Amino acid sequence: MPVLSKERRHPVIFTLNGEEVEGFAEPRMLLVDFLRHQLGATGTHVGCEHGICGACTIRIDGKAQRACLTLAVQADGRSIETIEGMAAADGTLSPLQQAFHENFALQCGFCTPGILMSMEEFLETNPDPSETEVREALSGNICRCTGYAEIINAVLQTAKQLREGAE
Amino acid sequence: MKPAPFDYLRAETLDEALDALAEYGDDAKIMAGGQSLMPMLNIRLVKPAVVVDISRLKDLDYAKTDNGQLDVGATRTQGDLAGDPSLADTVPLMALGLKHVGHFQTRNRGTICGSLCHSDPSSEVPLCLATLGGQVTLRSKKRERIIDAADFQVDMLTTDCRSDEIAIAAHFPTAANGHGYAFTEIARRHGDFAMVAVAAIASGEMIRLGVGGVAAKPTVREWPVLDGQDLEDALNEFAWDLGGADDIHATARYSREMVRALGAQVIKEALDARSV
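Keeping their order, the protein sequence lines are chains A and B. For the first sequence, position 15 matches number 15 in the numbering used here, and the numbering has no gaps at all. For the second sequence, position 177 matches number 344 in the numbering used here, and the numbering has no gaps at all.
Since the hints were derived computationally from the structure, they do not count as laboratory data. Be aware that one or more of the hints could be misleading.
[To be verified] In silico DSBU-like pairs for lysine-lysine, Cα to Cα no more than 30 Å straight-line:
1) K266(B) / K6(A)
2) K6(A) / K231(B)
3) K63(A) / K309(B)
4) K308(B) / K63(A)
5) K266(B) / K309(B)
6) K160(A) / K309(B)
[As the list claims (entries may be wrong)] Distance ranges between label pairs, derived from CB positions:
7) K231(B) / R78(A): 22 to 28 Å
8) K308(B) / I13(A): 37 to 43 Å
9) A428(B) / T125(A): 52 to 58 Å
10) A166(A) / T180(B): 41 to 47 Å
11) I210(B) / T132(A): 49 to 55 Å
12) E167(A) / K308(B): 41 to 47 Å
13) S330(B) / I13(A): 50 to 56 Å
14) L93(A) / D194(B): 36 to 42 Å
15) H50(A) / S307(B): 37 to 43 Å
16) H101(A) / K169(B): 21 to 27 Å
Note that this is a predicted model, so its numbers are computed, not measured. Positions of the beta carbon are idealized from the N, C-alpha and C atoms, including for glycine.
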């Protein structure tokens, strides 16, 4: 593959929430900025820009990752999921979103997309978590409003619902 | 902040990446998972002219046990290694240590070899490799060499990896019969950089303790099996020898106390965990 010059913007094509999208990025452009400014997918938020706060968490090929610690050019050819793809097309909330709504698990909402994307993968890999495991998994996302208690309740409630639904 | 401009090469083969290093030398930076390099780029602590992305080198995405060691390729992520249920039997110390590395979202992308190359004094992977007495394979266009962890880790954020070399694999000695392993650390929040991290190995004949987060690189000491006052004295001497300094997270005195307390704790755990 040829070297992509810093002087130019280069085409980047990937699947975003099931649809193929295209934009142009300088090599240094962060994936989170590409999502927001090139594609207008502003549901993914930008917080600390060094991987600590978790606000920009998205899923790349199914795995929750930091969009601020990924270059846009690295996303080429990948399958990416963001918060925009979580609810159904008619606006029906996902079970996790609904549980956040019912448990008052958000206040200002800035951290919420990152937390939802993280917890969605967490519950897929760990359908029956203990409260300690939920707390540990949440350590990668900072919320300055809620104090986390409502978020933990929402995640545990979702896990229970999904398990009961699967039975 | 945003990174300073750089050219970008997505290597399709290892040779392509090695050619790029031979050409650009110090001006190039290798990126595997990028979970240490990207923050450094974003904060502009590093401003390479070229970023060479090796993350798609499938050939290096492996972990295999061979000849008494676990070989981990350059693009194997921390998450994939930690997710392998056999790790607790093959290299128990790594199974314990990896739980403390960042968060699951960064482990999903961050690599074992990348963490070794970043060489943060408080990181868990370099501490485990040093305590186990593991090795790293470095490859350049011209040659390949295998060096011991103790020689690889030179100083804070500094390794012996030269500007034309890539750390293509790390080698962790597998669990030995009759040995026990233990790991713990203290950090402000789960997943934060450790103020003090400790790893222990114990057999019927010896105890070995590795300490991270205090000196500029992981430091390892070995004793015959000690207990009571002898062990306390040995740990106290080790704590002072590490020469920690006051920083915003912990005073040197606090770090020494943690080395003594957590050191005694993991040594006991390792002795209790010895396999029969």
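For each hint, the structure was consulted:
1. K266(B) / K6(A): Given that 30 Å is the threshold and the Cα spacing comes to 37 Å, the pair is violated.
2. K6(A) / K231(B): At roughly 38 Å apart (the allowed maximum being 30 Å), K231(B) and K6(A) break the hint.
3. K63(A) / K309(B): Outside the cut-off at roughly 37 Å; violated.
4. K308(B) / K63(A): violated, 33 Å
5. K266(B) / K309(B): The given pair, whose Cα atoms are some 37 Å apart, is violated under the 30 Å limit.
6. K160(A) / K309(B): At roughly 57 Å apart (the allowed maximum being 30 Å), K309(B) and K160(A) break the hint.
7. K231(B) / R78(A): 22 to 28 Å: Holds - the Cβ-Cβ distance for K231(B) and R78(A), about 26 Å, lies within 22 to 28 Å.
8. K308(B) / I13(A): 37 to 43 Å: violated, 32 Å
9. A428(B) / T125(A): 52 to 58 Å: violated, 34 Å
10. A166(A) / T180(B): 41 to 47 Å: holds, 43 Å
11. I210(B) / T132(A): 49 to 55 Å: Violated: the Cβ-Cβ distance is about 33 Å, outside 49 to 55 Å.
12. E167(A) / K308(B): 41 to 47 Å: violated, 58 Å
13. S330(B) / I13(A): 50 to 56 Å: Once the Cβ atoms are compared, 33 Å apart, the range 50 to 56 Å for I13(A) and S330(B) is violated.
14. L93(A) / D194(B): 36 to 42 Å: The hinted range 36 to 42 Å is violated for L93(A) and D194(B), with Cβ atoms some 49 Å apart.
15. H50(A) / S307(B): 37 to 43 Å: violated, 30 Å
16. H101(A) / K169(B): 21 to 27 Å: violated, 34 Å
The structure is inconsistent with the numbered hints 1, 2, 3, 4, 5, 6, 8, 9, 11, 12, 13, 14, 15 and 16, although it conforms to all the rest.
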